[in-house]
Amino acid sequence: MDLLKQLCDICSSSGEESYIRDFIIKQVSGHCDYYVDKIGNLICFKKGKNSLSKKIVYSAHMDEVGFMVERIEDDGTLVMGSIGVSPSVVGGKSIRIRSTVNPEKIKWINGVFGLGPIHMLDKEKRNEVPLFKDLRLDIGVSSKKEAEKLVVPGDYGYFFNNFSPFGNYIKSKALDDRIGCYVLIQMILSEIEFDSWFVFCVMEEIGCKGSSATAYELKPDMAFIIEGTTAADIDGTDDVSKVCYVGNGPVISFADRGTIYDPFCVSKLTSLADKSNIPWQYKSFVSGGNDARSYQRVAGGCKVLSISAAVRYLHSQISVASFEDVKSIISLCRSIDKNMSVFISHDKT
Amino acid sequence: MKIQIIGLLNNLNEYLSPTGHEHNLLNFVKSVIQDYCDESYFDPIGNLIVRIGTECGDRVMFSTHADTIGFIVYAADDKGFLRVSNLGYIDLISTIGRHVRFENGVDGVFTCEKDGNKKITTCYVDIGAPTKEEALAMVSVGDTCSVVGDVYTFGKNSSFISAPFLDNRIAVASQILAIKKLYENKFDLKNEIYFVFSVQEELGLRGAGPAAYSINPKYGISCDVTSVSDTPESGNLFQKLGNGACIKLMDASVYCNDRMVSFLRTVSEDNKIKSQSEILFAGGTDAGKIQQSRGSMFVGGISIPTRYIHSPSEVAYIDDCISVIDLIVSSCKTGFLFE
Chain A
1 MDLLKQLCDI
11 CSSSGEESYI
21 RDFIIKQVSG
31 HCDYYVDKIG
41 NLICFKKGKN
51 SLSKKIVYSA
61 HMDEVGFMVE
71 RIEDDGTLVM
81 GSIGVSPSVV
91 GGKSIRIRST
101 VNPEKIKWIN
111 GVFGLGPIHM
121 LDKEKRNEVP
131 LFKDLRLDIG
141 VSSKKEAEKL
151 VVPGDYGYFF
161 NNFSPFGNYI
171 KSKALDDRIG
181 CYVLIQMILS
191 EIEFDSWFVF
201 CVMEEIGCKG
211 SSATAYELKP
221 DMAFIIEGTT
231 AADIDGTDDV
241 SKVCYVGNGP
251 VISFADRGTI
261 YDPFCVSKLT
271 SLADKSNIPW
281 QYKSFVSGGN
291 DARSYQRVAG
301 GCKVLSISAA
311 VRYLHSQISV
321 ASFEDVKSII
331 SLCRSIDKNM
341 SVFISHDKT
Chain B
1001 MKIQIIGLLN
1011 NLNEYLSPTG
1021 HEHNLLNFVK
1031 SVIQDYCDES
1041 YFDPIGNLIV
1051 RIGTECGDRV
1061 MFSTHADTIG
1071 FIVYAADDKG
1081 FLRVSNLGYI
1091 DLISTIGRHV
1101 RFENGVDGVF
1111 TCEKDGNKKI
1121 TTCYVDIGAP
1131 TKEEALAMVS
1141 VGDTCSVVGD
1151 VYTFGKNSSF
1161 ISAPFLDNRI
1171 AVASQILAIK
1181 KLYENKFDLK
1191 NEIYFVFSVQ
1201 EELGLRGAGP
1211 AAYSINPKYG
1221 ISCDVTSVSD
1231 TPESGNLFQK
1241 LGNGACIKLM
1251 DASVYCNDRM
1261 VSFLRTVSED
1271 NKIKSQSEIL
1281 FAGGTDAGKI
1291 QQSRGSMFVG
1301 GISIPTRYIH
1311 SPSEVAYIDD
1321 CISVIDLIVS
1331 SCKTGFLFE
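Line by line, the protein sequences are chains A and B.
Sequential numbering from 1 applies to the first sequence in my numbering.
Sequential numbering from 1001 applies to the second sequence in my numbering.
To be clear, the hints were calculated from the coordinates, so they are not data collected in a lab.
Using N, Cα and C, we set each Cβ at its ideal position, and we do this for glycine too.
There are no misleading hints in this set.
To give an idea of the interface, some chain A residues facing chain B are shown, with a C-beta separation under 10 Å as derived from the structure: (1) Asp221; (2) Lys242; (3) Arg257; (4) Tyr261; (5) Phe264; (6) Ser267; (7) Arg297; (8) Ala299; (9) Gly300; (10) Gly301.
List of simulated lysine-lysine pairs, DSS-like, C-alpha gap at most 25 Å: (11) A:Lys209 to A:Lys55; (12) B:Lys1272 to B:Lys1190; (13) B:Lys1240 to B:Lys1156; (14) B:Lys1119 to A:Lys242; (15) A:Lys49 to A:Lys219; (16) B:Lys1274 to B:Lys1156; (17) B:Lys1181 to B:Lys1333; (18) B:Lys1079 to A:Lys242; (19) B:Lys1218 to A:Lys219; (20) B:Lys1218 to B:Lys1180; (21) A:Lys38 to A:Lys209; (22) B:Lys1118 to A:Lys242; (23) B:Lys1274 to B:Lys1181; (24) A:Lys242 to B:Lys1132; (25) B:Lys1002 to B:Lys1333.
So here's chain A without its partners, still in its complex pose:
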């Protein structure tokens, strides 16, 4: 669990993935061959006990959701842009900015998304969620000049680190998709049956950009995407809208807004999970999208499958997941690796 905590604690959003990438490289170095492509994707090749005439990819994304300084106002407050975060989860929260005012010495600047006190809001306003363009980040100064000494437009903002186990589960920022990174790292650190590619993509949260490049570069025969997906399994949500349940095992998708998964492939995976005694559940809603959309359709395309951890409160300050689910995902990936002939016909060399 400590490795997962370290992965979640690193602040690295779409476009500045170098921080998380450097950490991942430290973990996998010596256990696989790797290179970094022109836009920052980390592409790793791990030799298995056997070669494969087909190309298999396991893919996760390195970037987390975050913010960016767009403009410094005259009164010293900041207009922030959102990278994947909804305005409804930021009011009243504090975040910190990785300031590049002095590029030699990066420092953290704290700020608060201030909301007016309830006493001063009239009735209609009390129920409105302000848009990002109307929110301001207060960094504790009162003039543009002072603010310019602290931050630069383009600097990234992050939720504070907050990883901890609680009850039966874990809570943290960035479980989406450091869980995926964790699973891939564990596979790389262990012995695997067949030669495989492990791809850590950039810029998924802004539209699966990184995976477009890795899909084109590698042109795999099959891709398995390891993600975090939204769980709405709390009281007050209609049963039919809960999507999936934290603790009920890896989530297997038959469709999302980016991909319709081949039903034969999906049933091979669910049968394999049953055979391997690994709990699993469907993603019981069609929503969201992930890097599968790139691998399925870029260049000549390939078959894809998504395996996710159920994560409550996705894309917010603190998400909740089950570490048992994460371990089950690793077991499922190992089972896929051992039973690769179920998914692709191959010639052993």
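Fit chain B to the supplied structure of chain A, relying on the hints for placement.
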């Protein structure tokens, strides 16, 4: 030819092909054309690719999408009703209350509360199951369904045809008949010709890109339906039912290459094929993705004018299909040679 078109539409009507789940229909299509081509195979995303001609010239790719709009089950509620998400753009108003069928043969009604909010999340499919458990014993999460209906002709001389999913089965039928005619006539071909029955067009032209990338054609033509404006209050589109095969100038996904447009016009004039121009401001076709898939290529479209697209009762004019088949065959016979 009219009998063959109606016969094929009836055959196709035996199969469901909601977007992403086209395999049953495409297996049938493969069985029909596999003796009328040099090669037929499926690619990774599920497109059926058919080739006529071997290394006899620059590659031409016709692309006709085989998928239709439909629904996918994501849950069953406590009262035994199935909750579904839309596959492709569904016109809810004209679909509420319709008979739907699942791939495994289970029938049901897609509907919603009489005075309820008409959104996809408040609609449901009633399959006559009393409880959640019984519903999920009949139909699984991830199963797909679509509206079912009859194929019938009507109007003066029975020239009008209505069937479920004329978008895009009327083009699928036309492409099948064009393949057969081309193969049987054994013309001296000037191109290596690919006919793609593409998948997942209704989700944003997803199948055509990978097919075009693998085939790498010099000339690409999509065959699809197109909207018309010959109904009351329908606006000012140029194309109309009965005026022949539509030669596409543009739609929302593609601006067709002018050399392709003039070539198709010349072929129709020279062969006395009834044709009309087509301009569409909304909607996309496979040509859009084919054009963006590789380096330079010429793209265009041949369309079948159709009324009430994406409703359960689409209507087309049979003679327009015959014109489309003739235009496809004649253009292959003439040969795509322009630069």
